[in-house]
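Asks: This is what each chain is made of:
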Amino acid sequence: MKLFDVVVKDTLSRRRRVLYTAFGVAIGVAAVVAVLTVARSGEQRIYSEIDKYGPNMMVMPAINDVDLRLGDLRLGSLAVGDNYIPEDKFPEIRRITDGAIREALGIQDGADIAIIAPKLYIDTTVNGTSVMVVGFDPEEERAIKSWWNLSTGRYPEQPDEALLGAKANSALGVDPGSRIALNGREVTIVGVLEETGSQDDYQVFAPLETVQLAFGKLGLISSMDIRALCSACPVETIADAINSTVPGVRAVAVSQIAHTEMHLVKKVNRFMLALAGITLVVGAFGVVNAMMSSVYERTKDIGIMKAVGASRSQILRAFIYEAVAVGLVGGIIGYGAGVLLSYALGPLIFDGLTVKYAPQYLLPALGLAVLMAVVASVYPAFRAQQIRVADSLRSL
Amino acid sequence: MLEIKKVMKIYGEGTAQVVALKDVTLRAADGDFLAITGPSGSGKSTLLNIIGGLERVTSGEVILDGGRIDNLSENGLVEIRRRKISYVFQQYHLIPSLNALENVLLPLTFSRAGKSDEKRAADMLRRVGLERRFKHKPAQLSGGEQQRVAIARALVNGCSLILADEPTGNVDQKTGREILALFQQANADGHTIIMVTHSPEIARRAKRIVAMRDGEIVNESEQESCEKR
Numbered sequence: 001m002k003l004f005d006v007v008v009k010d011t012l013s014r015r016r017r018v019l020y021t022a023f024g025v026a027i028g029v030a031a032v033v034a035v036l037t038v039a040r041s042g043e044q045r046i047y048s049e050i051d052k053y054g055p056n057m058m059v060m061p062a063i064n065d066v067d068l069r070l071g072d073l074r075l076g077s078l079a080v081g082d083n084y085i086p087e088d089k090f091p092e093i094r095r096i097t098d099g100a101i102r103e104a105l106g107i108q109d110g111a112d113i114a115i116i117a118p119k120l121y122i123d124t125t126v127n128g129t130s131v132m133v134v135g136f137d138p139e140e141e142r143a144i145k146s147w148w149n150l151s152t153g154r155y156p157e158q159p160d161e162a163l164l165g166a167k168a169n170s171a172l173g174v175d176p177g178s179r180i181a182l183n184g185r186e187v188t189i190v191g192v193l194e195e196t197g198s199q200d201d202y203q204v205f206a207p208l209e210t211v212q213l214a215f216g217k218l219g220l221i222s223s224m225d226i227r228a229l230c231s232a233c234p235v236e237t238i239a240d241a242i243n244s245t246v247p248g249v250r251a252v253a254v255s256q257i258a259h260t261e262m263h264l265v266k267k268v269n270r271f272m273l274a275l276a277g278i279t280l281v282v283g284a285f286g287v288v289n290a291m292m293s294s295v296y297e298r299t300k301d302i303g304i305m306k307a308v309g310a311s312r313s314q315i316l317r318a319f320i321y322e323a324v325a326v327g328l329v330g331g332i333i334g335y336g337a338g339v340l341l342s343y344a345l346g347p348l349i350f351d352g353l354t355v356k357y358a359p360q361y362l363l364p365a366l367g368l369a370v371l372m373a374v375v376a377s378v379y380p381a382f383r384a385q386q387i388r389v390a391d392s393l394r395s396l
Numbered sequence: 397m398l399e400i401k402k403v404m405k406i407y408g409e410g411t412a413q414v415v416a417l418k419d420v421t422l423r424a425a426d427g428d429f430l431a432i433t434g435p436s437g438s439g440k441s442t443l444l445n446i447i448g449g450l451e452r453v454t455s456g457e458v459i460l461d462g463g464r465i466d467n468l469s470e471n472g473l474v475e476i477r478r479r480k481i482s483y484v485f486q487q488y489h490l491i492p493s494l495n496a497l498e499n500v501l502l503p504l505t506f507s508r509a510g511k512s513d514e515k516r517a518a519d520m521l522r523r524v525g526l527e528r529r530f531k532h533k534p535a536q537l538s539g540g541e542q543q544r545v546a547i548a549r550a551l552v553n554g555c556s557l558i559l560a561d562e563p564t565g566n567v568d569q570k571t572g573r574e575i576l577a578l579f580q581q582a583n584a585d586g587h588t589i590i591m592v593t594h595s596p597e598i599a600r601r602a603k604r605i606v607a608m609r610d611g612e613i614v615n616e617s618e619q620e621s622c623e624k625r
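Here the protein sequences come in this chain order: R and Z. My numbering puts the first residue of the first sequence at 1, with every later residue one more than the last. My numbering puts the first residue of the second sequence at 397, with every later residue one more than the last.
For the record, the hints were derived by calculation from the structure and aren't laboratory data. Incorrect hints may have been included.
[Stated by the list, open to error] Covered stretches of chain Z, going by a simulated chain R footprint (3 or more residues, C-beta under 8 Å):
hint: 1; region: 440 to 452
hint: 2; region: 500 to 508
hint: 3; region: 572 to 584
hint: 4; region: 602 to 613
[Said to hold, decoys possible] So the derived label-pair ranges between C-beta atoms look like this:
hint: 5; chain 1: Z; residue 1: MET397; chain 2: R; residue 2: MET292; range: 26 to 36 Å
hint: 6; chain 1: R; residue 1: TYR20; chain 2: Z; residue 2: GLY427; range: 20 to 30 Å
hint: 7; chain 1: R; residue 1: ARG16; chain 2: Z; residue 2: GLU527; range: 30 to 40 Å
hint: 8; chain 1: Z; residue 1: PRO596; chain 2: R; residue 2: TYR20; range: 44 to 54 Å
hint: 9; chain 1: Z; residue 1: ALA577; chain 2: R; residue 2: SER293; range: 47 to 57 Å
hint: 10; chain 1: R; residue 1: PRO347; chain 2: Z; residue 2: GLN536; range: 53 to 63 Å
hint: 11; chain 1: Z; residue 1: THR454; chain 2: R; residue 2: ILE320; range: 30 to 40 Å
hint: 12; chain 1: R; residue 1: ILE320; chain 2: Z; residue 2: GLU527; range: 28 to 38 Å
[As the list claims (entries may be wrong)] Chain Z is faced by these chain R residues, among others (derived, beta-carbon under 10 Å):
hint: 13; residue: LYS2
hint: 14; residue: SER13
hint: 15; residue: LEU105
hint: 16; residue: GLN108
hint: 17; residue: ASP137
hint: 18; residue: GLU139
hint: 19; residue: ALA143
hint: 20; residue: GLY303
hint: 21; residue: ALA310
hint: 22; residue: VAL389
For each residue, glycine too, the CB sits at the ideal point set by N, CA and C.
Could you put together the complete structure from these sequences and hints?
Replies: Given below as structure tokens:
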């Protein structure tokens, strides 16, 4: 028989008391687990919203305003630069973007990572109506614009097929199957988009090369939408890298709104975590209280143990063992309660949030519970080891 | 060999002072069996507490096997309790959550925790006649049986000096005689026994009777050894 066995037997014989003490631990742990789980789900929702948000970076032609001077005389400013980006910048931009993502995520393989959708915008007239024709890469564009849906038809697959925005469709009065001329080059309408509420509604989409050929802009594009596939990708860093290495283009990160929203969520989370921390401390005082009364309750037993040869450190150890047991029981109860609580709290804090179970908090929760119980038991255990045999047994 | 030299014990301070022991000097040779008798408040329990290191002397010395134990540190006292002095209490003082065998094992758990311990503890329980009560918890045992467990616990560490405070005070006369027989057997095996009792019948079975009153020893009498009776 070891000291540990003695503690186990003793603990089992006082199940109700141990459970009561463990309850103090459980309350604190439940609060922390619930907050962490809700916070995590909240952040994940923001991330998925950001993902739906579309591109998180745009690359445009660089246009500089240059001051014109003659001596000290200022003559005004002049926009310098092209309105197009040569397509041959494309590989370099991809290399920088994918490289940065690889570095951020620790990926090794050489396949393309980011979605890069090049576009060529041309203002033109179709059937006497002024429209914006967009040369695009159907696959990449659809990958970025995950909210796109077709009201009729299909997406373009051949070079001579085109897609209409909802408003362009009604303005031009053409249906899928009919043909329109883009600067003399005929394409067939194969599909119409559902209304998106964006400028896409007013545009005519045709494969990039078709538009380039039709308007004599071979090898040129107006802009690129870039979407890194990860929510945590260093978009600003990528934009900076592109700006400093690729001449003639300007990269802009468009994640500002997302960041603001995330900042708010983080603030709410910190506040909730602080509340959970207070709960933890209050729970710890409950544990101290319960352990203290457990010491008083067992003053006699402690006296007996000392009388038969227990040292102070053995008494201390016995209480620490008990604290670990209390911590584990409280941790398990608290973790379970915390998970359930998160399902109830999540939708209240972030409206309609569906909380996702996060198993990775189990071990830290148990660790926290044990730590809390042990810390809360230090003072009671110290009091226990100071009990004098003569006082505790009165009559010898 | 236990020697108590001019031990004083004063509780409280100033006008609230109570002198529990006045200049008590006593000697117990190895293998002795002392019965300390006296009315309540005569200081007999205080004397036993001081011998066992549960209370400190105000002045004087307690010497066990040539070494002073009245001034030992807490850890020193732990060593004494593990190797030299064990107790038997009037209220038995068993741990309620442990069964008879585990209660007997307890001193060994604290002092060494070896593997052969269980056999030794079982032997002790057989020696006090409890071979069929190993797995019983204290609450399932009679007073006499609990006291037997307590005696087995006192013997298991092989301590030479056993201090007993009214060990028969809570049991009927017949059981009291059985308990006393166990002490006599332990004494015959070489253990020194110092027993506080107010039962003249029990005291008469000891080798020596030390009578106390008002914190002083008023009479010491040798008796014919028990074996001769």
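Asks: Run every hint past the structure and note whether it holds.
Replies: Hint check:
1. 440 to 452: holds (count 6)
2. 500 to 508: holds (count 7)
3. 572 to 584: violated (count 0)
4. 602 to 613: Since three or more residues must qualify, the claim that chain R covers the region 602 to 613 of chain Z is violated, with 0 doing so at under 8 Å.
5. Z:MET397 x R:MET292: 26 to 36 Å: violated (44 Å)
6. R:TYR20 x Z:GLY427: 20 to 30 Å: violated (51 Å)
7. R:ARG16 x Z:GLU527: 30 to 40 Å: This hint holds: roughly 34 Å between Cβ atoms.
8. Z:PRO596 x R:TYR20: 44 to 54 Å: This hint holds: roughly 50 Å between Cβ atoms.
9. Z:ALA577 x R:SER293: 47 to 57 Å: violated (42 Å)
10. R:PRO347 x Z:GLN536: 53 to 63 Å: holds (54 Å)
11. Z:THR454 x R:ILE320: 30 to 40 Å: holds (36 Å)
12. R:ILE320 x Z:GLU527: 28 to 38 Å: holds (36 Å)
13. LYS2: Holds - the Cβ of LYS2 (chain R) comes within 10 Å of chain Z, reaching about 6 Å at its closest.
14. SER13: Holds: closest Cβ of chain Z sits about 4 Å from SER13 (chain R), inside 10 Å.
15. LEU105: violated (53 Å)
16. GLN108: violated (54 Å)
17. ASP137: Cβ of ASP137 (chain R) sits 76 Å from chain Z, so the hint is violated.
18. GLU139: Where the cut-off is 10 Å and the nearest Cβ of chain Z is about 72 Å from GLU139 (chain R), the hint is violated.
19. ALA143: Violated. Min distance 67 Å.
20. GLY303: holds (8 Å)
21. ALA310: With a minimum Cβ separation of about 5 Å from chain Z (threshold 10 Å), the hint on ALA310 (chain R) holds.
22. VAL389: holds (5 Å)
In summary, the structure is inconsistent with hints 3, 4, 5, 6, 9, 15, 16, 17, 18 and 19 from the numbered list given earlier, while agreeing with the others.
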